[in-house]
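*Asks:* Protein chains in written order, with the working numbering: chain E, 724 to 1391; chain Y, 114 to 216; chain W, 215 to 740; chain F, 208 to 378.
To be clear, the hints were calculated from the coordinates, so they are not data collected in a lab. A few of these clues could be false.
What the hints assert, rightly or not - Lysine-lysine pairs mimicking PhoX-like chemistry, simulated, CA-CA at most 25 angstroms apart:
1. W:Lys244 x W:Lys329
2. E:Lys1200 x E:Lys1114
3. W:Lys244 x W:Lys327
4. E:Lys888 x E:Lys1200
5. E:Lys930 x W:Lys704
6. W:Lys696 x E:Lys930
Said to hold, decoys possible - Computed beta-carbon distance windows for the label pairs:
7. E:Asp1340 x W:Val634: 22 to 32 angstroms
8. E:Met1386 x W:Val234: 52 to 62 angstroms
9. Y:Leu198 x F:Val220: 31 to 41 angstroms
10. E:Asp1340 x W:Pro375: 11 to 21 angstroms
11. F:Val314 x E:Cys1353: 36 to 46 angstroms
Computed from a prediction, not measured in an experiment: that's the story for all the values here. For every residue, glycine included, the Cβ atom is placed at its ideal position computed from N, Cα and C.
Take a look at the letters that make up each chain.
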Amino acid sequence: MHSVSYLQYIPLFPLLGALLCAVLGPRLKPAAVGALATVMVGASFAVSVAAFFEVRSGHQALQTVLYTWNALGGLTVDVGFLFDQLSAVMALVVTGVSTLIHLYSIGYIAHDRSPWRFFSYLNLFVFSMALLILGNNLLVMFVGWEGVGLCSYLLIGFWYDGWMKEPGGQRGMANSVAGMKAFVVNRIGDFGFLLAIFLIVVTFLPKVADGRVLDFAVLRALMEGGIPSGIGLGIITTICLLLFVGATGKSAQLPLYVWLPDAMAGPTPVSALIHAATMVTAGVYMVARMSFFYIQSPTAQLVVAGVGAATALFAATIGLVQRDIKKVLAYSTVSQLGYMFIGVGMCAYSAGVFHLTTHAFFKALLFLGAGSVIHGMHEEQDIYRMGGLKKYMPLTYWTFLVATIAIAGIWPFAGFFSKDEILWQAFNYHNEVFPEAGRVIWAVGLTGALLTAFYMFRLVALTFWGPERFHEVLHGKHPHESPWTMTLPLTVLAVLSFGAGWLAMPHIWGPNLFHHWLEPAVAALPPVGGHHSGPGLEWGLMILSMGIAGLGIASAMGFYRQDAPLPTRMKAAFPGLYRVLYQKYYVDELYDTAVIRPLVSVSRGFLWKFFDVNVIDGTVNGLASAVRLCGMALRRLQTGLVHTYAYFIVLGALAFVFYVMMMLSKGL
Amino acid sequence: MSWLPELQHYVLLATALFFIGLIGVLTRRNAIVIFMSIELMLNAANLCFVAFSRYLGSPVGHLFSFMVMVVAACEVAVGLAIIVLIFRERRSVNVDDVNIMRW
Amino acid sequence: MNYLPSILSTVVFLPLLGTVLVVALPSREKNLLRAVALLTSLATFAASLNLWFAFDPAASGFQAVERFWWLWVFGVQVDYHLGVDGISLLLVLLTTFITPVVILSSWHAIEDKVKGYHACFLVLETAMLGTFLALDMVLFYIFWEAMLLPMYFIIGVWGGPRRLYATIKFVLFTMAGSVLMLAALIWLAISFKQFTGNPTLTFNLLEFYATDFLRPGTAQSLMFLAFTLAFAIKVPMFPFHTWLPDAHVEAPTAGSVILAGVLLKMGTYGLLRFAIPLFPHALHQFAPAICILALVGIVYGALVAMVQPDLKKLVAYSSVSHLGFVVLGLFVLNDFGLRGAIYQMLNHGLSTGLLFLAVGVVYERRHTRQIEDFGGLARVMPMFAVGFMIATLSSIGLPGLNGFWGEFPILLGAFAARPVFGIIAATGVILGAVYMLWMFRRVMFGPLTRPENEVLRDLSPREIAVFVPMIVVMFWMGLFPKPFFDVMEKSVAEVLARHEQRLGQAEVPRLEIQAVLDSLAPARKN
Amino acid sequence: MGAESFFFYLFGVIVLAGALGVVVMSNPVYSAISLVLCFFALAGEYVLLHAHFVAAAQVLVYAGAIMVLFLFVIMLMNPTPADAREAGGSALLGWLLGGLFFAAIFVALITARLPGSLPVRSEVSGYFGSVEQIGAELFTRYLWPFETAGVILLVGIVGVVVLARLHRKEG
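Excised from the complex, chain E in its bound form (with noise of 0.2 angstroms):
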């Protein structure tokens, strides 16, 4: 390890940034801000770009510590960044694509009430993710875990005082609403992440000498020749499901995905950035940074590879029918993040990471292409009153087709070789717990890989292709293409969307670079002996998955092409299914009547009105009462009349004199 000094400039160059947008902000022009907001995120990537080079010729991880953060129980906590080559993969996406997105934020929000809060919030999210990547251990971690929740909070909600819109025209779930949706789902996960970290500290911490149980490394070094003595693989499980419950929040994962297709409420280029190319992908990143735990335990392996799986699968189904084109992409986004986790569930962590590298682009550039779209088409989202922008949009048009393609899984785009790496490793995938495991997760992820064809298609045919259907939306005005700001950052993704694939060539082809950089800086399972597969199988895997993608498309332009009667017949002959998968499966409305209803009137009815105001107010006021009514009593003895007061002093000395005779009676 590498000590440098610079590495706290990643994360300080936009935190600098967003507090000058918010001081000097409100003094600049738009295009001012923006730009200032766009060189500090630059300046970041120059100072991730430099440590990377510094990786790559010196062959080992980089490390800042700034200061100790804070020190007890035994417990030493600083406040450090480690650039390994995890990070750098990390750190490299993030500032760049966050590059990319703020420079096309600035003709995006340009016409806004206040971009300065916008590119404040949108600097604050840069420092956090670099927190959450670059911190060496995970308080620091999670300091950027829970910083990137708040500003995808405040940036769901950056127009407060508005609503989403439905596709069919009416007020859907208010901004605000839905960014408190994703905050609190959020925190839900945190809740698993918080457990890990008190579980890793409570067993680690007496093998610790200095303390600093929660530093990548030292956790690292304790794991390497497998669990250290006198700690059951039991416990290393449990850390590895309760930082898998954190994954599941933050990365959108089945139970807690529910967030992420309401956070689409906030600005575009937010969705593009935090909600599909770098903030969701933090749980990803995480299962990768603890690898060294989670090869130890199977069951662990077979919960995150098998939610992935279920998660990739379930989302696609939903995004078949949505009619919004930031939810068809952000269930897209759902479903291709559990395509990581198939990945880095399985511990083939390089293809995850790969898959989370190419997916940022495309998935970027989609999501840009669609604020393209909506700029375009005057803030209209529902792609059944779109198609034939082809003609008007051709830039946006063009890349977004490349970032399909990739989606779909196409040769020679970046989606084929990440996404068919993960299915192949899922093929090869041996898991001790319930040994089919890797069969069955591979039949679902190929599944998903067709209906991934299919929706991608489905959106790219009713937006930009058939007959132009939004004339009544837009009263005679003409959709048109956005100014360059936004469309040079789509070309650049759009070329990075088409060759980045060729950095992870699956190995019958050549070199897999990607593999060998994060080689050193992620745990490895134990080659499993007798599980040979030759160049045979994989060749005819990848062919099958080709051939799944085509099918999907071809079937997506056969139901999408010329408006074909078909959809319509579809969804007439399984009006059921469609409305399930139109509703998402009632998910929110089952979240909202089980657990969300019952916990609001439970505490409404009968903790705060009858157990707060009636048992443990009327204990109080009832123990008032009973001294009161003993003196409303007792006060009938005052009747003013001296010779009631009289009699009781002669009853009490008699008393008391009967009381001295019988003392004295016993002989005293």
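Given the structure of chain E, go ahead and fit chains Y, W and F onto it with the hints provided.
*Replies:* Showing chains Y, W and F alone in chain E's frame:
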């Protein structure tokens, strides 16, 4: 028990006196008579003091009886003044008519 | 820096001096009265800074001790005995910091009986500081009770429409506890006298600490329960909390701030100073039960806070939840829990104090505290929105702000003591986000629906001057908590060491988490 | 049965008779006169007990000053004849209760038998109970209570004056 008056005789006499006073307080309604009954009780106490003083050969009992007289004098003076006031107010010295301290 | 001579007495009685000055000034000079009160409290704060800089974290025991005989009658010896350690130091600073802030905050809010108002606050400050610094238990008791009087008037004279009900409830609840405490205190002193054979009845806390004079048994348990009940009511712990929402709702803003900010801490401070160190066996016996009550309080307070329609009531119930964390931290009896609990006391003072100030800001403008009367205020009051947001985030324990370093060690300590405690308490973190953010959304976000809200002014310079110091300290405590934790280290370690020593090693609970978890998870196949 | 015994029983009977008279007479004037009789007989008992000074004070203060005060007040009020409500159920209760109490104490005293007899008359020095002895005690050892008694009297006087003025103001 000889007929010669001894300590016990005086104490018994004082006791009888005291209880006559007590019965007066309990049975009479006239405030002035009640006051007089109280004087009887005080005198019973005085008698005891003096008797014990004689028995112990110490003059302290005498001194105590003076104190009692002082208190009795003050009490009678103030009490009778109050009775006069009440009488002016209510045209009655019957204690049953005076219950303004009720509840 | 060294301690200035008689620094503790100076800190304690400077506000009282200010009271004399305030009383002597003519009533109609309202601004002069306010200025005198503010300057006095600022001077007290400045004096208390000497404590911070002179404090030696490495030294054990109490520092800057002042002691002279005060009441020696009938064989009873009550000393004037002050001292500061790592526990009380931070609370003293909290008190001296918050008092000027609240005096500044009520500059325009109070126009009626200004003189009495400020006199009350200054007397209150003396009483609070005395409570934190007294080392003689009778002296402590006197300050403890003296605090009631000004608070009674602050709520009862300058409060809302149901102020009399609220203030009497407040006083009676507190008195009910403190009467028991007085009895237990005398009993304790008599036990000490019998054990040592001293000719006089002393109430010297340091001697009580130094001597292991209580045998395990009913007597110790009863004394412990009496002390704990007195402090639990003050904290307030579930189920003795119902006075708090009423008192908060009726109190003027500054009263709420000082109530939440400092007075509640007197309960938790008392637990840590008396109930925990003096009765080791009873503590060992009852700690789990108290932890469970604290857990109930955490969840219960959060749930009830969630459904409150009144802003102040919501914050008041959130205090019940937050102080549940503090009590939990105290009674899990490890370094994480104790130091976290002390830190959480400070955090709660700041964040809830700021929340009440924020509620006061909107109340001054709109004369309502019903959440439904607001909505969309972020548009007309952007600066206020920022301040309110930071208070909210601090309250829900966002890392980077102060709240995190209170909640995190407490939860960790609870988890280390008994995992299930940690798990239940951590749900409070989720619920905290729910009720605070829900409230924030309903007040600040959404469209501006009411015309009367459209004309609200943003923060005035004076209000900014109130908000900014609080926010700065919040960030400071969130980013650089270590100096604070270092200050507490020695004192907390002493408490724990004494507890273990008195209890005997055998009885200290050991961690059995591993076996439990192993039995839950499937074994590894080979 | 010597002279001492004789006077003891004589005065005793008068005392009790006078006391009973106070209680049973329906006219307060008769009660007052009966009380005077009782006080005089008590003074006789004091003489028998060698308490000459107390006996003198008894006659002067009680039978003189206090009783005059009583009579003044009675006259001042122009007493109504016996109140119809004087006798009743509660009076009976009073007799019962008082009698019961008396019986209890009386039985207790008789059965308890106080120890010792009084010192013989001839053995008592002339100094005992004399003005000199009482005076010497009052002005030396018991000066403090003596002065206090003075203060009590003063307070009594002031109280009475205030009460009198109160009445005048109202009138």
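*Asks:* For each hint, tell me whether it holds in the structure or not.
*Replies:* Outcome of the hint check:
1. W:Lys244 x W:Lys329: Holds. Lys244 (chain W) to Lys329 (chain W) sits at ~7 angstroms (cutoff 25 angstroms).
2. E:Lys1200 x E:Lys1114: The given pair, whose Cα atoms are some 15 angstroms apart, holds under the 25 angstroms limit.
3. W:Lys244 x W:Lys327: holds, 9 angstroms
4. E:Lys888 x E:Lys1200: OK: Lys888 (chain E) and Lys1200 (chain E) at ~20 angstroms, within 25 angstroms.
5. E:Lys930 x W:Lys704: Status holds; Cα separation ~24 angstroms.
6. W:Lys696 x E:Lys930: holds, 23 angstroms
7. E:Asp1340 x W:Val634: 22 to 32 angstroms: Roughly 30 angstroms apart at Cβ, these two residues keep to the hinted range, so it holds.
8. E:Met1386 x W:Val234: 52 to 62 angstroms: holds, 57 angstroms
9. Y:Leu198 x F:Val220: 31 to 41 angstroms: For Leu198 (chain Y) and Val220 (chain F) the Cβ distance comes to about 38 angstroms; the hint holds.
10. E:Asp1340 x W:Pro375: 11 to 21 angstroms: holds, 18 angstroms
11. F:Val314 x E:Cys1353: 36 to 46 angstroms: For Val314 (chain F) and Cys1353 (chain E) the Cβ distance comes to about 38 angstroms; the hint holds.
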